[in-house]
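Visitor: Read off the chains here:
4 protein chains.
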Amino acid sequence: MTDTVVMAQRRVGLWIIGACGGVASTTALGLAALARGLTPPTGMVTALPQFAGHDFDEPAGFVLGGHDIRKGNFLTAARELHDRSNVFDERTLTACAGDLETWSANIRPGVVYKPNAAITALADRTDVRQARTPREAVDAIQADLKAFKTAHKLDHLVVVNAASTEPPFEVGDDQQSLERLLPALERPAPAALPTSSVYAFAALDAGFPYVNMTPSRGATLPALEDLARKRGVPHAGQDLKTGETLVKSVLAPLFARRNLRVLSWVGHNILGNRDGQVLNDPDNKASKVKSKDALLAELLGYKPQTLVSIEFIESLDDWKTAWDHIHFEGFLGAKMMLQFTWQGCDSLLAAPLVIDLVRLAALAQRRGESGVMSHLASFFKSPVGATEHDFGKQFLMLEEYLAKR
Amino acid sequence: MTDTVVMAQRRVGLWIIGACGGVASTTALGLAALARGLTPPTGMVTALPQFAGHDFDEPAGFVLGGHDIRKGNFLTAARELHDRSNVFDERTLTACAGDLETWSANIRPGVVYKPNAAITALADRTDVRQARTPREAVDAIQADLKAFKTAHKLDHLVVVNAASTEPPFEVGDDQQSLERLLPALERPAPAALPTSSVYAFAALDAGFPYVNMTPSRGATLPALEDLARKRGVPHAGQDLKTGETLVKSVLAPLFARRNLRVLSWVGHNILGNRDGQVLNDPDNKASKVKSKDALLAELLGYKPQTLVSIEFIESLDDWKTAWDHIHFEGFLGAKMMLQFTWQGCDSLLAAPLVIDLVRLAALAQRRGESGVMSHLASFFKSPVGATEHDFGKQFLMLEEYLAKR
Amino acid sequence: MTDTVVMAQRRVGLWIIGACGGVASTTALGLAALARGLTPPTGMVTALPQFAGHDFDEPAGFVLGGHDIRKGNFLTAARELHDRSNVFDERTLTACAGDLETWSANIRPGVVYKPNAAITALADRTDVRQARTPREAVDAIQADLKAFKTAHKLDHLVVVNAASTEPPFEVGDDQQSLERLLPALERPAPAALPTSSVYAFAALDAGFPYVNMTPSRGATLPALEDLARKRGVPHAGQDLKTGETLVKSVLAPLFARRNLRVLSWVGHNILGNRDGQVLNDPDNKASKVKSKDALLAELLGYKPQTLVSIEFIESLDDWKTAWDHIHFEGFLGAKMMLQFTWQGCDSLLAAPLVIDLVRLAALAQRRGESGVMSHLASFFKSPVGATEHDFGKQFLMLEEYLAKR
Amino acid sequence: MTDTVVMAQRRVGLWIIGACGGVASTTALGLAALARGLTPPTGMVTALPQFAGHDFDEPAGFVLGGHDIRKGNFLTAARELHDRSNVFDERTLTACAGDLETWSANIRPGVVYKPNAAITALADRTDVRQARTPREAVDAIQADLKAFKTAHKLDHLVVVNAASTEPPFEVGDDQQSLERLLPALERPAPAALPTSSVYAFAALDAGFPYVNMTPSRGATLPALEDLARKRGVPHAGQDLKTGETLVKSVLAPLFARRNLRVLSWVGHNILGNRDGQVLNDPDNKASKVKSKDALLAELLGYKPQTLVSIEFIESLDDWKTAWDHIHFEGFLGAKMMLQFTWQGCDSLLAAPLVIDLVRLAALAQRRGESGVMSHLASFFKSPVGATEHDFGKQFLMLEEYLAKR
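Protein sequences appear in the order of chains A, B, C and D.
When the letters of the first sequence are read in order and numbered with the working numbering, they come out as residues 16 to 420.
When the letters of the second sequence are read in order and numbered with the working numbering, they come out as residues 16 to 420.
When the letters of the third sequence are read in order and numbered with the working numbering, they come out as residues 16 to 420.
When the letters of the fourth sequence are read in order and numbered with the working numbering, they come out as residues 16 to 420.
The hints are simulated quantities; they were obtained by calculation from the structure and are not laboratory data.
Be a bit skeptical, because a hint or two may be false.
Since the list gives no way to pick one copy over another, a pair counts as held whenever it fits inside one copy or between any two copies.
[Claimed, not checked] Below, in silico cross-link-like pairs of lysine-lysine (BS3-like), each with a Cα-Cα straight-line distance of 27 angstroms or less:
| id | residue 1 | residue 2 |
| --- | --- | --- |
| 1 | Lys408 | Lys318 |
| 2 | Lys419 | Lys408 |
| 3 | Lys168 | Lys245 |
| 4 | Lys245 | Lys305 |
| 5 | Lys419 | Lys245 |
| 6 | Lys350 | Lys419 |
| 7 | Lys305 | Lys408 |
| 8 | Lys86 | Lys305 |
| 9 | Lys161 | Lys305 |
| 10 | Lys305 | Lys129 |
| 11 | Lys305 | Lys318 |
| 12 | Lys161 | Lys129 |
| 13 | Lys168 | Lys129 |
| 14 | Lys161 | Lys245 |
| 15 | Lys86 | Lys129 |
| 16 | Lys168 | Lys350 |
The following block holds chain A by itself, in its conformation from the complex:
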């Protein structure tokens, strides 16, 4: 790579909420390894041959930073994942260690407004900032984001939520419009926004695209959708579709199209990473299970008996293992079965999609788009702004979007 190219290259800031987690550290390692030509872009949708003509941001143009309430940084988290989950290559880790350390200097202590018990149990940074009102939290977050942008002369800054899953948040009147939300932000209580939405507000309000990789609320509140449109900022979410649900989203249409009646669909998920640990809390788990379960009825056109579980099994670390048992009825009442087991490493499935979504958010911003990027439905379990859950049809939406120039 010559100096000339580097100078012309756009600089993209990727700000990760949950910067010390597995997804963030894998994204960091992956970007460093891609920029150094040490790994192919396997797992990245934007690297598919059919999308080759697009001017997506190059890995070498990325600068990383983020918030976290836990100690650690990109490098220590990547090493921990390597040791526990037996992923990554020692040589890649060594070659990229410098980049990860450099980016780690951009990590800032998280801002906590209304902390959740299961998540707070993980907090071990002593400098986590406690805000008295949502507004105070927003101000602190925006100061960090703006400082990052200025310091690194960024052309784009995309904020990504990769933090632990929150419990469900009940939407009330305050969240129905931006107008009603604004005064509520000044009140210490009741909480006008869950933590994930505080960060989303901060990002959108400051003009930075926001992508929500988790089932937490994030930008999916009427007031925040208002805000995004008013500020002219694109956003997307919610809950990355990387494993069992991804497989569901191609199998369910199969049964529907062949008129095979799904009698019951049982999905048991086990995993041992921090995500799993937080999901062990029933409140936090509720958001996730809901997101994993809802699509079946929409894809099938009726509601079969379903059962979805997610359980923390420590020895599995980042290896999410799922068993699905699909019981279906065919012609003349015959009952048949399809079972599958999925053994995937969650962080490694999510990280390339993080890069994809940052690239696609930056592209949307350059195209002058604002509001929900509904063409990104194929990436999410609960796609904001789209009712389509069939992965094949969702992917066509992406292809059609990219075909338009």
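Since the structure of chain A is provided, determine the placement of chains B, C and D on it from the hints.
Guide: Just chains B, C and D now, kept in the frame of chain A:
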């Protein structure tokens, strides 16, 4: 059902080659049960709500007949399947026994020209007719078809190949055009056509739509495609996609779209019905394995290591059980796995599609179409006239076809 | 069978608590079919060639009766199981219908003392007898048992608990000895015994061997063990080992002997019969999960992380399906996996063991044994009177017992 | 470890035929790591608590050497396995590299007498020695073994066959007794012994215990059994039981004891290491499949339909993956299923057993035993000198042997 309706109803003849097999007997039982309102149309694509407005032929309008080289009839075969594979309901069998017996009177002894060893081993009818030339065989078959049509005053007659799988047939010069084929039909040897194509020729030449449910050659020879166009007859094939391959055709696009690199795809199939018995012969098996294996490279855009086996395990009877192990590489070289097991009853998966294909062939004929019905690609492992193997996209082709009126 | 033989044959009464359930009706159908020579004794341990020399009671000598709080009888329950779970042969059902009807006349309404909500929800007999004290319940039960014995001139009467699983019962002082229990039986409250133990008390006190197929308390209370020894009656339990746990009890010793360290063992069970319905109640489920989970630590010598679930999935009916994921560590820290799926029909796995246990209880009684039959450990998930959980070693105990004459 | 202890410690030579393979290199790494206290003895049977009182040889007392026809050494092979199969820890590899290099100096070029095509294809050492007669090969091998023993002042020298699987060898008259074999060794052709037996002869004849980890002939010829007894040397084999067959050897007794009739047992194995590559040759595969398949009939007492396959799937490297489908009949003819998938790393399962077998062979030698060590049956798929295939019973044989002192 009133007399008035019956009189107005179109009468559709369904002539099944392999009339004493599991697929044929299940189709017969299913049509009888549907006509009597004893079973819902589960498993039938043409019964999907989105296709409700089409004037598909009613089950009550069907009349069945067929050829076979084995003893037995629709009723004895259905009872055997019930006893061995534990399918069907005793009450349905009893209620429909009369219909199956009536239709069984339409079964005629098969016409053998160049018999295949593994298939002939199954022949136990003493009145099987041995033809000296392909032409002699064609004449005998056409006589049966025409007699059936006349006797039952049929509006349509659709010929369906549901016989055991033949070994691969090497195409030579004789099969390149109708012009070159015609004189070759008069020669006793070398065989101008494999048995399945002799039946296909007979059907198309007499103006009857032909659908090939098996991996045998059937109408997929240039000379027969010529014939179909010249006679203005629609046809379709080849090799019904009902189980493991069907699942492959939605999973492979998933890996492709997510840029996850499939390293190897192993599929082991075990089954215990007559189909399995014939496939135990290496020659006959070759046709099947080829049909099951080819689509992966086309769907993925590259050729991973693949392994497909089909083995005869007697105790499974009609319950085709498959285990697929898909080994794939994700981001940063991580190797992951998806495994599935399919436990489906082959005859009950195939029969509703037989009814669908007869309905769709009759519709095409009413629409004045001739030649390959490439819009039926979603039904087949090796769709004639289509290169698309993605089930989702194939299904769109069907939806678009039916949307045109 | 000649009259002479029949006259010499011992008559064995089998009294089933839960007489209208799947296990009871399958046992009834099986005994009738065996007596008529319509089925081989597959699944019966006492029919193994190595035990051929023993004078076990012949199927033709069995007379059935029982208690239930639900309507129905042996025949209607067998037909329901046939229809829902697709088991049994129509011909066998027809041939044995008369026997089942005859035995059904021996079914008496259940006696309820302290009903459990989940179980009572199933009660639909209007003549269920409500007792005010445990003693009153015992008296009513014993009257039924004695009447049955007299009416049928039985040589043996064995009482078998095949009723739905109760919630766990906390043992207090009253249950510590027979002496302390006797006065407590006269009190309406607090409940001195759970329902299953009321029946066990009635049986043992009247001199009838008692076998507990379920995880409910039954005879496993110090006071009832006292009673059994004092009355000189043999008994056995608890919780038949028929599926996932049976497989566990041979796999766990494998890991132990090869010094492979089990890191986690996850077992998810799904089933759709009445048993599953009752287990859907968290209280009742607790008894079952405990029984399924405890053996691992004893077999391995340490406690890996375990997870056991049992969930009601209606479409599965009697087909208990289980997925177990065993994560283990080998040499040099390598993590490996064994997964299994079990698809078994619960009633058909249990019924032959019911016949075995009745035969073995009758044998013990003829041998003059009393108290816990610890040599029957191989039959149970929580074997009373034995700490051995290794199925191989448990089976040796049975072989050694039978070798002694 | 102090000098004093080291001087008192017995020195055990472990000579591995196939020294550059995965099993050999894992054994070397494991021994080095154990001696350095870097890894627990997980996977080693001789390290079980119940055998703690035995004077087994300490890892620190082992010295390694061996023959191979391929280039490479313990260290390069261990690194290759690390890279390809994602096993071992970088720190362990680094810490033990010196030990592996030291031992690698003891590796000698293989001696080839009658090479097998599939195995020779792997040979890339230029200094492989070609013998003209079996005797010449024996002499060359013995010279290496004796030189190794002298150079390292070994108390024991145990020869272990971990080379690729040979095709089956037809036994004739020459192999029936030592007397008949001796003159035949001098003849260039026909081959008196397969290669594995040439090495076995060399070891036993020189007084060194021999253990055969593979399905190749090795010492299982009457003439070699004669030799072992005459020279007073213990030996054992054949074909380590580490994965699918190990699981079979506990599941089959389960079905037998519960009188559940196995209808069919299908086992498909896929693997990608050199073992798999050699097994891709049908001749070599035949030995393996026979060894994996035979035990079922002996364990069940009848022969169900069985199917065993082993196929080379390169991407799996050392991860042997197996799917077994067991179809069985229970009471009243109900057909049920048990399926399992095994995902194990072959070299890491085998290596600890190599150390066990060397320890047990050295112990036998100290106890003055000679001939077949039939008490080691639990280690092997085709245990020499034992007909018992039930793993539980085989293990009791080992426990009883070790209880005798």
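Visitor: Each of the hints needs a verdict: does it hold here or not?
Guide: For each hint, the structure was consulted:
no., hint, verdict
1, Lys408 <-> Lys318, "both (21 angstroms within a copy, 25 angstroms between copies)"
2, Lys419 <-> Lys408, "both (17 angstroms within a copy, 21 angstroms between copies)"
3, Lys168 <-> Lys245, "within (25 angstroms within a copy, 70 angstroms between copies)"
4, Lys245 <-> Lys305, "neither (30 angstroms within a copy, 57 angstroms between copies)"
5, Lys419 <-> Lys245, "within (24 angstroms within a copy, 43 angstroms between copies)"
6, Lys350 <-> Lys419, "neither (45 angstroms within a copy, 35 angstroms between copies)"
7, Lys305 <-> Lys408, "within (22 angstroms within a copy, 29 angstroms between copies)"
8, Lys86 <-> Lys305, "neither (30 angstroms within a copy, 39 angstroms between copies)"
9, Lys161 <-> Lys305, "neither (35 angstroms within a copy, 56 angstroms between copies)"
10, Lys305 <-> Lys129, "within (23 angstroms within a copy, 38 angstroms between copies)"
11, Lys305 <-> Lys318, "within (14 angstroms within a copy, 32 angstroms between copies)"
12, Lys161 <-> Lys129, "within (23 angstroms within a copy, 69 angstroms between copies)"
13, Lys168 <-> Lys129, "neither (33 angstroms within a copy, 72 angstroms between copies)"
14, Lys161 <-> Lys245, "within (19 angstroms within a copy, 73 angstroms between copies)"
15, Lys86 <-> Lys129, "within (20 angstroms within a copy, 56 angstroms between copies)"
16, Lys168 <-> Lys350, "neither (62 angstroms within a copy, 37 angstroms between copies)"
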